[in-house]
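Asker: The listed protein sequences correspond, in order, to chains A and B. Residues 5 to 513 in the working numbering are what the first sequence spells out, letter by letter. Residues 5 to 513 in the working numbering are what the second sequence spells out, letter by letter.
You may find that some hints are simply not true.
Pairs involving identical chains hold if they fit within one copy or between any two copies, as the list cannot separate such chains.
Stated by the list, open to error - Each computed PhoX-like pair below joins lysine-lysine, with the alpha-carbon atoms no more than 25 Å apart:
1. K490 / K16
2. K127 / K501
3. K92 / K312
4. K501 / K475
5. K16 / K317
6. K312 / K156
In case anyone wonders, no lab produced these hints; they're calculated from the structure. Predicted model, so just to flag it, every value in this text is computed and none were measured.
There are 2 protein chains.
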Amino acid sequence: MKNDKSSDEPHKLRLKRLGIETGQENVIFMRSDCHICRAEGLMTYARVLVRGPQGEIVATLNHVIMDGLLPAGEAGLSEQAWKSLGAKEGDPIQVRHLDPLTSLGKVRAKIFGHRLGSSDMTKIIDDVVSGRYSNVHLAGFITACASHGLDKSETVALTVSMIGAGKQIDWGGSVIVDKHCIGGLPGNRTTPIIVAIVSACGLIMPKTSSRAITSPAGTADVMETLAPVRLDLSAMRRVVDAEGGCVVWGGAVDLSPADDILIRVERALEVDSEGQLVASILSKKIAAGATHLVLDLPVGPTAKLRSKEDADKLENLLYETAVNFGLATRIIQSDGSQPVGSGIGPALEARDVLAVLTGAKAAPQDLRQRSLALSGALLELGGAAEEGSGVQLAASTLDSGRVWSKFQAICEAQGGLREPPIADYQVDIAASIAGRVTGIDNRRLSTLAKLAGAPVSPAAGIKFQVHLGQKVQTGEALMTIHAESKGELDYALDYNKSVPWIVEIEGEI
Amino acid sequence: MKNDKSSDEPHKLRLKRLGIETGQENVIFMRSDCHICRAEGLMTYARVLVRGPQGEIVATLNHVIMDGLLPAGEAGLSEQAWKSLGAKEGDPIQVRHLDPLTSLGKVRAKIFGHRLGSSDMTKIIDDVVSGRYSNVHLAGFITACASHGLDKSETVALTVSMIGAGKQIDWGGSVIVDKHCIGGLPGNRTTPIIVAIVSACGLIMPKTSSRAITSPAGTADVMETLAPVRLDLSAMRRVVDAEGGCVVWGGAVDLSPADDILIRVERALEVDSEGQLVASILSKKIAAGATHLVLDLPVGPTAKLRSKEDADKLENLLYETAVNFGLATRIIQSDGSQPVGSGIGPALEARDVLAVLTGAKAAPQDLRQRSLALSGALLELGGAAEEGSGVQLAASTLDSGRVWSKFQAICEAQGGLREPPIADYQVDIAASIAGRVTGIDNRRLSTLAKLAGAPVSPAAGIKFQVHLGQKVQTGEALMTIHAESKGELDYALDYNKSVPWIVEIEGEI
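Based on the sequences and whatever the hints tell you, model everything.
Answerer: Next up, the structure:
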């Protein structure tokens, strides 16, 4: 900020902490009758530049029109803004209008169907990461990209911009393997198992995972019920140096911070489009230093990818973008017709992971098989197994107990293995007729788990108990809803009643 | 809201007024440790249903994490939410999760290129008007409609939905004339003049005008510097019954309230797309009871419509949609190459209007000619003049002084004619070289006027002093910036320095 007349002493206010959490959009609370609002003509919802002793932030202005909350000469900040500014009680601040954001002109161009060049994309993402976009602007950018799609060069440009806006980890030239599943299949929690298998086999897999976008659980949410995942970069390095693998939350190591900001708005819109998906995945992987990547694309009528055609299209964009960055990449299309394992929700999925790792009798075999298939591909791609023998190596290592030992060691290194929580409220949903299971709606199942409280309430979700083709009796439990509060349990039960079916049963004649 | 267990006594909080203005998105402030947040698993930024003694609203949750602001057992509301709920200090409220909005699925379908049917559109607009959409959802809807455009039947459906969501005025079968300019031309403030002319000639023109969307002034902003414009429906009727015409703010009579909500978000995005523009214009006109409509589409390189082709496309969609609703419609494409009149900003434009109405020597002739042309079209369309003689009737009535009398009578009936304010700060922008004016950038000129404070500061804006083709001397004033505060004056001056040109002058050799 230049030192103009608006930064003279009379244009200062003192900060008062109010303790209001407004979400990720920074908010400043100022009296409508304060000298700055009057001198600068600042109205409610104006976007302003706030300068404090430690730096500056952009915030949305909320006027305070009554006495009591703020004494004259003081201003408040939302908790997020307080943190971003590094504020202390009583800090002097200056406030002025935000200059027009030139990058918004590029967002408008995209809305009206123009392509975004790489410098356009960089400007947009820089403004996003520095907090210059309000929620309205973020939603406009995300919607425009989803509406028109991003072509290959735009996807590469978005990926480059997202990598550049955060930290990048340098592993000094080692082979670094990574995997990603595009999701959409409830309970498909292979990652913690795969990390343990491939690191037990000698590969290096420093896994940074995300939290749920629109699903009942992300890998970071699940892993957090088993061990701490909020590790910073140096803590993550220590774990990987010691054990060859980790499963931490990507947001805590500041890889692709733009992704974390965009994801929150994508979640509110429940929009997760192709180009953004590719940039989101690859920016995180490349920033984390991956050199060899296996991608899992589940395909099924109620999965994220509904048809082979959609899957081929996404596979193509993923592959070409990954190759553009020099990543050795293998993409696997898998069965996406029904949930994997029995748990849906952070703690319930964690229990499935533990069952597979410990070789429990009740361990879900589908989760085990998928984990072995993907581990096998990674072992081959990363050079730890001959072509065609990866799955076998993965299975023998898992069955030897070495994978479970490795997983425990990783959890200990991350801060200590812990027991996933158990929900206070558990209610069975029973079959209303006898017959054969002919359909499972993954999307409704996810909604049900989310209404029950997942992923915010870690113990909440669904324990799913049937598979396609299975015979069930009248009154037999198809699933159990787990909830941490009565209110959430009721939402889930109401929803279950309101939809035609989540599990389709065809009566046998 | 059904009477479930979550509405028992322990689930109530008492309202405390905090006096925080958050803009149009309702916000509820709740202690993060309150029993409802804990029982219902409510996180910051959750969308919740708030029920009070007078009704219910949807709001976004902000947590309060420190003592002091809210005592235990109390909750606060943003001022907008307080008003919408009809709240009183100490009112008991209940709060619960908002059920998933099914209409958002339709917004997502539009994002991914599907058409919206009429029932989809009605559901979306009903949810918009009842406050169920957050700013993120509104931005997603607006951007999706702008990205893919709306076809004719979608535009009709949006118009129908927007009309249905508000009040409609019934004038008992009379011929009701109306006009609209799509804007984009600074200073083009013909409406108050036209209303006075056509009502002086015996037609009925109950004009409801809007405030600025992305421009330095809307007709309602300008008229408000001359007379009160916040009239409710019965007050508006009294004015029209007495004088045959009025110029009031449409927002106060609750015509097409969806439009007012969408416009605020369109303004933040600076997006104003074809289908939404048509629905916005026609929903207001039809809800206001118009039967005969003249539309002005200025076309020029820096106007809203840049080419004849764009204008023809919009004209077509406007015409076909209007005809669908049985409106007698005439559309006029006009010169949009430079500003009209000399004032840009509410009070400055009002002074131009007064000059034309009183026949002042310095009255801008371009504003006079445009007003006569549009009035002539309305007089012919409404049956008050023979085809081809409308302009002549308009001119003779204006020159007779009867139009100025009529305008004064209308202002008095609206609550009293008043003097437009004058800005404290006025600074000339001079020509840096001598030569001929070869270009005027309407968009930059609008930005300059907005940075100077228009329309929020009514006296702010630009007094523009040259026309295309005019010869200027070095140091001659091209325009004068008017501002109500030093800060806004500085923003405008900084902007003027930062752009290559607003007025292009070609030096003469």
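Asker: Please go over all the hints and tell whether each is borne out by the structure.
Answerer: These are the hints, each one checked on the structure:
1. K490 / K16: between (48 Å within a copy, 16 Å between copies)
2. K127 / K501: Classified as between; 22 Å across copies, 48 Å inside a copy.
3. K92 / K312: neither (55 Å within a copy, 58 Å between copies)
4. K501 / K475: Answer is within; shortest intra-copy Cα gap is 22 Å, inter-copy 77 Å.
5. K16 / K317: neither (55 Å within a copy, 51 Å between copies)
6. K312 / K156: within (20 Å within a copy, 34 Å between copies)
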